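These protein sequences, in sequence, are chains C and R.
The opening residue of the first sequence carries number 1 in my numbering; numbering runs sequentially from there.
The opening residue of the second sequence carries number 1 in my numbering; numbering runs sequentially from there.
One should not assume that every hint holds.
What the hints assert, rightly or not - Derived coverage of chain R by chain C (criterion: at least 3 residues anywhere in the stretch with Cβ under 8 Å from a Cβ of chain C; other residues may be distant):
#1 55-62
#2 74-85
#3 95-102
#4 174-180
Claimed, not checked - Partial list, computed: chain C residues near chain R (C-beta under 8 Å):
#5 Gly-17
#6 Leu-103
#7 Glu-176
#8 Met-181
FYI, nobody ran anything at the bench for these hints, they're computed from the structure.
Since we're looking at a predicted model, the values are computed, not measured.
Glycine included, C-beta positions come from ideal geometry on N, C-alpha and C.
2 protein chains.
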Amino acid sequence: MSLRESTASNLGFAILGLLARGAATGYDLAQRLERPVGYFWAARHSQIYPELARLAGAGLVAYDEEAGRGPRTTKRYRITPAGQVALADWVASEFEPQPVRDLEVLRLWSIWTVTPETARKVVQVARARHGELLARYQAELAEVESDPDSGDPRHPLFASRITLEGGLRTRRAALEWCDWMLTQWE
Amino acid sequence: MSLRESTASNLGFAILGLLARGAATGYDLAQRLERPVGYFWAARHSQIYPELARLAGAGLVAYDEEAGRGPRTTKRYRITPAGQVALADWVASEFEPQPVRDLEVLRLWSIWTVTPETARKVVQVARARHGELLARYQAELAEVESDPDSGDPRHPLFASRITLEGGLRTRRAALEWCDWMLTQWE
DNA sequence: CCTTTCATGTAATGGGTTACATGATTCG
DNA sequence: CGAATCATGTAACCCATTACATGAAAGG
Chain C
1 MSLRESTASN
11 LGFAILGLLA
21 RGAATGYDLA
31 QRLERPVGYF
41 WAARHSQIYP
51 ELARLAGAGL
61 VAYDEEAGRG
71 PRTTKRYRIT
81 PAGQVALADW
91 VASEFEPQPV
101 RDLEVLRLWS
111 IWTVTPETAR
121 KVVQVARARH
131 GELLARYQAE
141 LAEVESDPDS
151 GDPRHPLFAS
161 RITLEGGLRT
171 RRAALEWCDW
181 MLTQWE
Chain R
1 MSLRESTASN
11 LGFAILGLLA
21 RGAATGYDLA
31 QRLERPVGYF
41 WAARHSQIYP
51 ELARLAGAGL
61 VAYDEEAGRG
71 PRTTKRYRIT
81 PAGQVALADW
91 VASEFEPQPV
101 RDLEVLRLWS
111 IWTVTPETAR
121 KVVQVARARH
131 GELLARYQAE
141 LAEVESDPDS
151 GDPRHPLFAS
161 RITLEGGLRT
171 RRAALEWCDW
181 MLTQWE
């Protein structure tokens, strides 16, 4: 665990993390970086394709070309041994906490400028959103837990399980916070 | 509460939120956007000065010039009535949840690639960081709560109090999550 | 036949960090 | 007298979003 110069960006490690779980096309990666992984790290395809090219240039990923359906060939990427080392290294590396940017809290921080009635509406909308996410996480966690591999610390599903558990706990705390806030306008 | 075209960026509303609590120089704003406000919205002075110029151009803030200490004049900014309206409007406006980017969770999501011993170390470091933040939030909350104005929904300290309370709850949940995780490698 | 999905890229723009640049006052 | 603080700005670069662009196969 030491401070290190990275060969890949944060997005690069998100992609390596996906490829460590299985080979995929840029298109596949873009979809997973919208939905399951996107809960904590989102990205669009326009960002993913150039990053894949960089990772390939650094030898952290490699690809086979299949004759594609569109105008270009389809590239199926996989992580290389060097990529696996880089990923594991990065997981264990120390890094100082990055600057946070939470739009919901920023909004609440100025909520004293509106009437209590408006304020309560804002909190209720936020509460509903947290509730939706909580339900989604719970459903996904149930699915992951149904697989016995999710108990094995060296299996990807183990990591899926603990990150989902974290999301769940965070959302539950946020819901309780919203309920508490609603009691604060007398 | 309707979807609206904003006159200011998110950073702009962070600045308006600060100025709504009192006049300040760009330098003052930069400091508060590092420490207390930086817990949920951080920014550097190189971003703040141009944004202040934009806000002034849009008539949302105004400034008085004092003969400054350095090579340039010191500008003390205050929010205008139009700025107050824009801020309150924005607080009540709907906006779809922005893409999340949480480096800590991204890292844990690939933790299955390292040995259980290394993994536990990673979680312990994260746990310590959450503990530190919790302590800081608790101290700040105690200070805010000592002021009776923090109970008045139309006073800025009310909003400081509820956002700190949220930070506290989130950190507490994160700590419990870390403790739970540590039980997961048998 | 039309829409969705698969599949890949590039260009323009905006947001944010790091580094460059200047200089007076205050504190040790 | 040197370092920290007050105080303001600009420039280069990186990261991310939106929009532009193309085209085949599959499904309704």
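Chain C over the segment 174-180 of chain R, status - at least 3 residues with CB closer than 8 Å
holds (count 4)
Interface hint compliance - C:Glu-176 to chain R, C-beta minimum distance less than 8 Å: With a closest approach of 7 Å, the C:Glu-176 hint holds.
Should the interface hint for C:Leu-103 be scored as holding, given a Cβ-Cβ cut-off of 8 Å against chain R?
holds, 5 Å
Report task. Test coverage of the segment 95-102 of chain R by chain C using CB-CB distances below 8 Å; three residues minimum. Result -> Satisfied; 7 residues make the cut.
Under 8 Å, Cβ to Cβ, is where C:Met-181 needs to be relative to chain R, so tell me if that hint holds or is violated.
holds, 6 Å
Exercise. Do three or more residues from the segment 74-85 of chain R put their C-beta atoms closer than 8 Å to C-beta atoms of chain C?
Worked result: Since 1 is below three, the answer is violated.
Cut-off 8 Å, C-beta pairs, minimum 3 residues; does the coverage of the segment 55-62 of chain R by chain C stand? violated (count 0)
> For the hint on C:Gly-17, does the least C-beta distance to chain R fall short of 8 Å?
Replying inline: Given a least distance of 4 Å, the restraint on C:Gly-17 holds.
Taken one by one, the earlier hints fail for this structure at numbers 1, 2, listed in ascending order.
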